[in-house]
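Make a model of the complete structure from these sequences and hints.
The chain contents come next:
Number of protein chains: 2
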Amino acid sequence: MERFMQAALEEARHGLDEGGIPIGAVLVHRGVIIGRGRNRRVQLGSAVLHGEMDALENAGRHPAEVYRESTLYTTLSPCPMCSGAILLYGIPRVVVGENCTFLGEEALLRERGVDVQVLQDPECIALMEAFIAASPELWHEDIGE
Amino acid sequence: MERFMQAALEEARHGLDEGGIPIGAVLVHRGVIIGRGRNRRVQLGSAVLHGEMDALENAGRHPAEVYRESTLYTTLSPCPMCSGAILLYGIPRVVVGENCTFLGEEALLRERGVDVQVLQDPECIALMEAFIAASPELWHEDIGE
Chain A
1 MERFMQAALE EARHGLDEGG IPIGAVLVHR GVIIGRGRNR RVQLGSAVLH
51 GEMDALENAG RHPAEVYRES TLYTTLSPCP MCSGAILLYG IPRVVVGENC
101 TFLGEEALLR ERGVDVQVLQ DPECIALMEA FIAASPELWH EDIGE
Chain B
1 MERFMQAALE EARHGLDEGG IPIGAVLVHR GVIIGRGRNR RVQLGSAVLH
51 GEMDALENAG RHPAEVYRES TLYTTLSPCP MCSGAILLYG IPRVVVGENC
101 TFLGEEALLR ERGVDVQVLQ DPECIALMEA FIAASPELWH EDIGE
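Those sequence lines, one after another, are chains A and B. What the first sequence shows, in the UniProt record's numbering, is residues 1 to 145, in sequence order. What the second sequence shows, in the UniProt record's numbering, is residues 1 to 145, in sequence order.
Note that these hints are calculated values from the structure, not bench results. Given the structure is predicted, the values throughout are model-derived calculations rather than measurements. Note that CB positions come from ideal geometry on N, CA and C, so glycine has one too.
One-sided excerpt, in silico: chain B residues whose CB lies under 7 Å from chain A:
#1 Gly45
#2 Ala47
#3 Leu56
#4 Pro63
#5 Pro80
#6 Gly90
This is the structure in structure tokens:
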């Protein structure tokens, strides 16, 4: 597995170890990870810190140029909120671990010119399948269902 | 001014007093404010806590039914990230203080069935106009420009 998706997957597994929802992400600027994150709903009682949002938050404040030279790696297809954050900051490229267990706003992202690559990685799929089977209510809460 | 927009405007002014970006929001469920928030970019070094996001975060974790019976009041037209959060949680109604100084994703929200009402409130407009004139770089950072 490519090292940046590996880092996102490590974040997801770290989240699972904490009792959280196993979705992770990293923001990469010119080949360097500038923000790592994982879903924090359980850990922080957060309604907004999905994996991608947590990576953006942990990256800190940056001028627009930084985002426009960055790629976001996320273990799962980005939901409307995370896709909106990608559009807000003009992140041009998103690499998605899988969209088998949840399909986010990939069509909207592509329509707005974002390069979205989906890996359908077996480890990412297996992690989410096991989590959803074990904690369906928590999962539904996280995606507003 | 309607009391919920007044509460959002109070949050925006509180943010300005803290040296922050003056945008505020409140999430209202069945006539009761369950979350108040304001843009926290400056105060917390946050890249994700726009006013609407901060209100959602401060409201805490809720099941989908709560969001689906709620209205979000925000002093400024919601950006792509905040609009995405509205879509994620299925918030059916958004009341916007003004969209003269910034036009967010109102068209996308309406296309997805959200009832978006824009007040064009003179106090909300004056607050943002003065802020943008005084701090254009900070404002551009906040909207990814």
